[in-house]
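*Asks:* Given chain Y, work out where chain X should sit, using these hints.
Protein chains in written order, with our numbering: chain Y, 1 to 492; chain X, 1 to 95.
These are calculated hints, taken from the structure and not from any lab test. Some hints could be false.
[Claimed, not checked] Residues from chain Y that face chain X, not an exhaustive set, calculated with beta carbons under 8 Å:
hint	residue
1	Ser-211
2	Asp-373
3	Leu-377
[What the hints assert, rightly or not] Here are the simulated EDC-like cross-link-like pairs (lysine to aspartate or glutamate), alpha carbons at most 16 Å apart as the crow flies:
hint	chain 1	residue 1	chain 2	residue 2
4	Y	Lys-305	X	Asp-65
5	Y	Lys-262	Y	Glu-298
6	Y	Lys-237	X	Glu-64
7	X	Lys-13	Y	Asp-341
8	Y	Lys-305	X	Asp-48
9	Y	Lys-381	X	Glu-39
10	X	Lys-13	Y	Glu-298
11	Y	Lys-237	X	Asp-65
12	Y	Lys-336	X	Glu-82
13	X	Lys-92	Y	Glu-298
14	Y	Lys-259	Y	Glu-291
Values in this document were obtained by computation on a predicted structure and should not be read as measured data. Every residue gets a Cβ at the ideal spot worked out from N, C-alpha and C, and that includes glycine.
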Amino acid sequence: MTDMTLAAARRALAAREISAVELVDSHNKAIESLNGDVNAFIITTPEQAREAAKAADTLLAKGEGGLLCGIPLGVKDLFCTNGVRTTAASNILRDFVPPYESAVTANLLSEGAIFLGKTNLDEFAMGSTNLTSAFGGVTNPWRRSGSDAKLVPGGSSGGSAAAVAAGMVLGATGTDTGGSIRQPAAFCGITGVKPTYGRCSRFGTIAFASSLDQAGPMARNLEDCAWMLEAMAGFDKRDSTSVDRPVPRYADALERGVKGMKVGIPREYRAPNMPREIEALWEQGIAWLREAGAEPVEVSLPHTKYGLPTYYIVALAEASSNLARYDGVRFGERVKADSLDALYEATRHAGFGEEVRRRILMGTYVLSSGYYDAYYLRAQKVRTMIQRDFLSAFEKVDVLLTPTAPSAAFAHDEKPTDPVQVYLNDVFTVPASMAGVPALSLPAGLDAQGLPLGLQLIGRYFDEETLFAAGRVMEKAAGFSTRPALFAEFGA
Amino acid sequence: MSLDTRTVRRIAKLARIGLDDREAEGLRQELDGILGWVEQLNEVDITDVPPMIGTGLARPRVREDAVTDGDRREDVLANAPEREGPFFTVPKVVE
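So here's chain X without its partners, still in its complex pose:
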């Protein structure tokens, strides 16, 4: 299966990564190459094989649904590229 530039643009949109035309074509070729190479996985018979989610070594644990290190507003905001008081700022999203 061969990838077209329109698909690359759609994927870039989903991934929220801006692309120019030249990059889209370069990436189309590279991703096409990688996808061609991973096609070899179709040779493996996976009938009745469950997907491996983790190694199965860690036991699932539950914890109380409670804040464990709260009241650290300044820490949380410390690396904000832009803030206003106790808030992160973004461009206007509602007209």
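One chain only, chain Y, in its complex shape:
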């Protein structure tokens, strides 16, 4: 059972070569031995998982069970789970126990998935390092060769990425607002998919920026992600932005190949100060697709450089509005005060961490009277231009290939102090989020220090299948099989 992929575990469970109880036990053990170092989980639910595994074995013995029957997963602690604490990695929700299940986790449960716990994240999904969690940062299971320095896993889905990379679970849910699935997947050497906005229901997922947030799978390879996404996705009338379209069997698209496919290489992603290793990996990715029969085409996305500043206005405006509900009255930690206003102010000061407070204030400012038109309305108009860039590129090409992040994982103490410098981590992932198109990151190679680097594929609306097909070609060519320094060698 050591180092099994989710897809291999599905086959082994169906063939009864392994039992769900064995599979869950070995992963529970891996979490127990590694979580102290990695801090990937905020909450674990081993007994509950073991009971679910027994039930899964009963179904599997009868040849029944859903798409993910018996598969141990981690759930980003931003998805509400009925009766299981859900914190958003914030002190303000430290003891919040939802009385309902998010749509995505309910879908996974109905397909038989087993949750081993809630994974760590940047507080309210705000960050690219996973250092803003109220429950402490996550440590990337990878190490630079010859160094013990603790590296960040990326964010905001850093706990999910680290848990998958370290072998604590076979897959995990993430959410991506501006790159929060793809950037940590790249930093941790795993695969992550942000589907089209509207593909997965946002019902019961704690909101950061509603017009951008989208759930997606994180796992060791594309086939694993294909099974997870099929289980997670689907129309939900409780989310007004959910799109009513049938969910394809993504795994069927994996071996389609790329013959005749046009792959766009966006000129503007060639940042002048891009590290040579990342540029070289990008060239390698282009060569892999060309060798498999695709045609690389240079395209232009002229508003690329405006993606990040637009994102920080739109996302923060929505965050300030979404986070207004945390006031210490209906749920969350309350700080007592003499008046209602003082109660709100004290509660929100104590309950939110520094980054969340900064972002709420920035969002409140750009929405405030006198600044709304200059900032928020202008940003929404620039967002239209960014969307048009993608739509016109996709008239010429089927898919876009870019690097996922401008660097490999950095050390905990190397985090820049300037917020703008931190935000630049998301420079390659944010534009696709702004347009709402699907994108994925897959591990494509190692840098000179032995750290994983990711490549990103971006596709047309609802054409995740082409991403899986093109990604599979690159995955085969890359043959990425290196495991991180911390990896659970768990047996049955």
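*Replies:* Coordinates of chain X only, in the frame set by chain Y:
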């Protein structure tokens, strides 16, 4: 345009987040930096460009104006930091 501490305090008031003097000055500098950086959006010609509200992929839907999961008072109150019977409590707001 440069942000002053008075504006930061006004914004904090609107956002209902308490601030002390040291924090107000730190945030003034940080927000000023972020706002300076987003000023580059002024380079973009947005004449006649409509704002992007959503992706335009989801069709607007209407539903009957009815309670769909009512009678869950205990669930609603389950996470209340303080309650009295079937009510949330807050400090006295009317003298």
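*Asks:* Hint by hint, which ones does the structure fall short of?
*Replies:* 2, 4, 8, 10, 13
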